[in-house]
Amino acid sequence: MTDQKLCVSDERYYEVLLHELTHSTGHCSRLNREKDMGGWHSFGSREYSKEELVAEMGAAFLCAECGISQTTIEDSAAYIDGWVRHLKGDAKLVVQAAGKAQKAADYILNADSKE
Numbered sequence: 000m001t002d003q004k005l006c007v008s009d010e011r012y013y014e015v016l017l018h019e020l021t022h023s024t025g026h027c028s029r030l031n032r033e034k035d036m037g038g039w040h041s042f043g044s045r046e047y048s049k050e051e052l053v054a055e056m057g058a059a060f061l062c063a064e065c066g067i068s069q070t071t072i073e074d075s076a077a078y079i080d081g082w083v084r085h086l087k088g089d090a091k092l093v094v095q096a097a098g099k100a101q102k103a104a105d106y107i108l109n110a111d112s113k114e
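Numbering-wise, the sequence shown is residues 0 to 114 according to numbering that gives the first Met the number 0.
Just to be clear, a hint being listed does not mean it is correct.
Only pairs whose alpha carbons sit at most 30 angstroms apart, straight line, appear in this in silico BS3-like list of lysine-lysine [stated by the list, open to error]:
| no. | residue 1 | residue 2 |
| --- | --- | --- |
| 1 | K102 | K91 |
| 2 | K102 | K34 |
| 3 | K87 | K34 |
| 4 | K91 | K34 |
| 5 | K102 | K87 |
Hints are computed from structural coordinates only; laboratory data are not their basis. Bear in mind the structure is a predicted one, so any value in this text is a computation, not a measurement.
Sequences and hints are given; from them, build the entire structure.
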């Protein structure tokens with residue numbers, strides 16, 4: 000995780016933290032996205048790109064929940080666009096990633112236990 004002093008703002012630090020936290024939900028003891036990726040892959044691979052898309056969308060959902068989305072939305076949108084382009088704009092993958100990102104955000108927020 001990036002040192003907070005190196006981030007341009009507190010909001011950006013928390014966006015990066017939420018991105019990394021979303022990645023952590025992919026572990027086999029949590030939501031098990033690792034099986035979808037076939038384990039860890041090299042930077043830039045299709046599987047890596049899909050996981051980055053999930054993590055950034057999850058972070059965007061969590062930033063909105065925390066009320067910091069307006070200050071991080073441009074960075075998130077650019078990052079998401081980069082991975083979507085890397086995945087050749089496959090709309091199906093974007094929808095799948097959004098669903099996985101929502102599950103990750105719900106897991107982090109413990110949304111299943113809310114009444």
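Status of the hints after comparison with the structure:
Restraint check: the Cα-Cα separation between K102 and K91 comes to about 17 angstroms, which is no more than 30 angstroms; the hinted pair holds. With a C-alpha separation of about 16 angstroms, the suggested pair K102 and K34 falls inside the 30 angstroms cut-off, and the hint holds. Between K87 and K34, the direct Cα distance comes to roughly 23 angstroms. Compliance with the 30 angstroms bound is thereby established for this hinted pair. Only pairs whose Cα atoms come within 30 angstroms are accepted, and K91 paired with K34 is accepted, the gap being roughly 19 angstroms.
About 24 angstroms separates the Cα atoms of K102 and K87, which keeps this hinted pair within 30 angstroms; it holds.
Figure legend: structure checked against the earlier numbered hints; every hint is met.
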